[in-house]
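Asker: Sequence:
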Amino acid sequence: MIKLNKNLKKLIIPSIGGLLLTAYLLYDQKGTLGMSEFIVLIITAVVIFGVILIINKITPKND
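Residue numbering for the sequence shown follows my numbering, beginning at 1 and increasing consecutively.
By construction, these hints were calculated from the structure, which means they are not laboratory data.
Since the structure is predicted, the reported quantities are computational estimates derived from the model, not experimental observations.
We put the beta carbon where it would ideally sit given N, CA and C, even for glycine.
Incorrect hints may appear among the rest.
Straight-line C-alpha distance at most 30 Å; calculated DSS-like pairs for lysine-lysine [as the list claims (entries may be wrong)]: (1) K57 x K6; (2) K57 x K3; (3) K57 x K10; (4) K57 x K9.
Ranges between beta-carbon positions, derived for each pair [said to hold, decoys possible]: (5) L21 x I55: 33 to 43 Å; (6) V47 x N5: 34 to 44 Å; (7) I43 x I12: 29 to 39 Å; (8) I58 x L19: 29 to 39 Å; (9) G31 x P60: 40 to 50 Å.
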């Protein structure tokens, strides 16, 4: 299990909200969610959580 800093734990809910907003904007733009839109959402999710994990790795853990 990955141990996240307390401040980074607070970023997980807004990042999920950002993914939902991205999905809505893609749907609103085209009217459907096809395979290419899901690929964009998957790439966006990987980047968001990758950035959170990288920041977690380089910041000191204060428990």
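Asker: Please go over all the hints and tell whether each is borne out by the structure.
Answerer: Now for the hints, and whether the structure bears them out:
no.: 1; hint: K57 x K6; verdict: holds, 13 Å
no.: 2; hint: K57 x K3; verdict: holds, 10 Å
no.: 3; hint: K57 x K10; verdict: holds, 16 Å
no.: 4; hint: K57 x K9; verdict: holds, 13 Å
no.: 5; hint: L21 x I55: 33 to 43 Å; verdict: violated, 21 Å
no.: 6; hint: V47 x N5: 34 to 44 Å; verdict: violated, 19 Å
no.: 7; hint: I43 x I12: 29 to 39 Å; verdict: violated, 18 Å
no.: 8; hint: I58 x L19: 29 to 39 Å; verdict: violated, 23 Å
no.: 9; hint: G31 x P60: 40 to 50 Å; verdict: holds, 47 Å
Checked against the numbered hints given earlier, this structure breaks hints 5, 6, 7 and 8; the rest are met.
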